[in-house]
Amino acid sequence: MKTISSNLYVATIVLVTFLLASCQKRDDLVEPTVPATENKKMDDLKVADTFNWSTLSTYTIQVTGYANAPMKVYGADGKLLHTAMLKKDQPVTLLLSIPATEVSVVLHFLGEQTELELVTSPIQLTL
Amino acid sequence: MKKILLSLVMVVLSATLLNAQSCEITKTNGGGFTTTIQSVVDNCNNTYTIVLRIDHNGCGGPTCKELSHYSVQATPGTYSNISVQVISGSMSYGNIDLGPSLGSDPFQGFKIDNTSGIGDGQAGSFTITYTLSGNLQNQQTSAKAGTSAQLASFTSAQFQYVMNCEGTNCGGGGNDTDGDGCDDNEDEFPTDPARCYTIKYPSSGFGTLAWEDLWPSKGDYDLNDLVLPYKITLVANSDNNIVEVKGKFYIKAVGANLHNGFGWQFDNILPGQVASVTGHSLLKGYVNLNGNGTEAGQNKAVVIAFDDADNILNRAGGQFFNTLPNGITGTSDTLNITVVFTQPLPQATVGAAPFNPFLIKNGTRGKEIHLVDHVPTSLASSSVFGTDDDDSNPATGRYYRTVNNLPWAIHIPQILDHMEEYIEITEGYLHFGEWAESNGVSYPDWYQNQSGYRDNTKIW
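Chains A and B are the protein sequences, given in the same order. In terms of our numbering, the first sequence has 34 at position 34, counting the first letter as 1, and numbering is strictly consecutive. In terms of our numbering, the second sequence has 79 at position 79, counting the first letter as 1, and numbering is strictly consecutive.
You may find that some hints are simply not true.
Claimed, not checked - Distance ranges between label pairs, derived from CB positions: (1) A:117 with B:319: 41 to 51 Å; (2) A:41 with B:362: 20 to 30 Å; (3) A:60 with B:80: 47 to 57 Å; (4) B:278 with A:117: 35 to 45 Å; (5) A:120 with B:80: 43 to 53 Å.
None of these hints come from the bench; they were simulated from the model. Since this is a predicted model, take the numbers as computed values, not measurements. Each residue gets a CB set at the ideal place from its N, CA and C atoms; glycine is no exception.
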């Protein structure tokens, strides 16, 4: 009986300690902002030898304008990406290096706006 | 707004025609009719006199019918003194309808009504002169023939352009203080005839270059051995050629024991095409310069920004910086480097910023670490290629890749929230691997701070 009582006493102490420890706040534990996922190690990535690891795309755009006036190139978010001073009937080549997430730009020329889808490079156009 | 899909061939975006005369702007109405802004005169009393010229090319058949009326859009109460003059052919008209309602036309304004003798095989030309009060306006025109309205649109900016081009505004032309052909309204340097406008990379804020520095051995792929935000500004003249390049750099992190330098090469520019380089920080003595500030001994123009990151860091101790929890932190000075060319160069020659950037490993000038497949400079030691983990093959243009095509450097168009020390970038940027394995198709925005994109506990 004494043995049983002693064992019960020890078990109760262990259980209470465990419960208290479980409820203790861990100030030093920072919750990840996203659930943990199994991300591949760099060495395990299967990367094509054609991949350029670039987050930007570069387009060569040759524009011929019908007037001597500035042309401005804006991104989808309205940010000014590029400016060019067009010359009447003379092609002007500009190099547009923008985030690869951009799939189109908007050309502003003499009050008119033209959306240009960025599919390939070089691009030639006449305004 | 027009929406177009472009391929390699030339695409004509609008029905705009090119003119032989310098200042006119011509639009196509259709059915053989075109409308030209022939002149715009600022009368300096808050009115403008505008002359439109309407031409028909003489085409006939069902798509080229005779003109029944010609309408001009204008805000009611702003137009007056309308007159018509036949230039060629046998065009005639019945009356001038002052509107403002124009029946079937989709705008208000005035029209030259009951016309005949032009269109349907009858070539001809006539002008319409009118006075507009207040401001210049966006104006449509309609060359009504048969049932077709045949519209052409002009913007107020196009009327303004013709006026400035002809010098018929009150000032006798556009304002161009320095006479460089770049109107003061557009000129970011209105008193400097050599400079007109700027192009910024990225368009706002900073981009970032980030390296592993153990090349030709792989590192821990935290890509924080040097984290270098940059902003590049190209200064162009009115001929769209680049006069100078300005670079702004600071160091965001150094997850390394090594003392690394940084520079870039203009791959298509010779050293002699550079007039001057200013603003670099070269204190270690291993970089030799030409008189113009480019690096000596190079076949191409090479700019070394700093020969040791420590030159511009303010930290306690010489190892690591902003990468270890509870580790060394500090600040970085900002380097402002200006490269001026001897002659303005086409943008295609200067290249896309940040050009061909590279890290110089630990003061060993021959050890350069570039972005993948970017050529080394003349001073890079070719004997290192193909050693250890490097799988470069200069004969095929393959550079700075492992056998598994992993890089030693990356470049993103915004500030990189870099990894904590010793943690692979795939652990913090949860779609980095998918981006790489998809050849850049999936998650091209992996670096952005979007829901589910990051494990912020692993990012410094």
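Cβ separation of residue 117 of chain A and residue 319 of chain B, checked against the hinted range 41 to 51 Å: Taking Cβ atoms as reference, residue 117 of chain A and residue 319 of chain B lie about 49 Å apart, which means the hint holds.
Range agreement (Cβ of residue 80 of chain B with Cβ of residue 60 of chain A, hint 47 to 57 Å): Cβ of residue 60 of chain A to Cβ of residue 80 of chain B: about 49 Å, so the range 47 to 57 Å holds.
CB-CB spacing for residue 80 of chain B and residue 120 of chain A relative to the 43 to 53 Å hint: holds, 51 Å
Pairwise beta carbon distance, residue 41 of chain A to residue 362 of chain B, judged against the given window 20 to 30 Å: With a Cβ separation near 26 Å, residue 41 of chain A and residue 362 of chain B satisfy 20 to 30 Å, so the hint holds.
Range hint compliance [Cβ, residue 278 of chain B to residue 117 of chain A, 35 to 45 Å]: holds, 41 Å
Of the hints listed earlier, there is not a single one the structure fails to meet.
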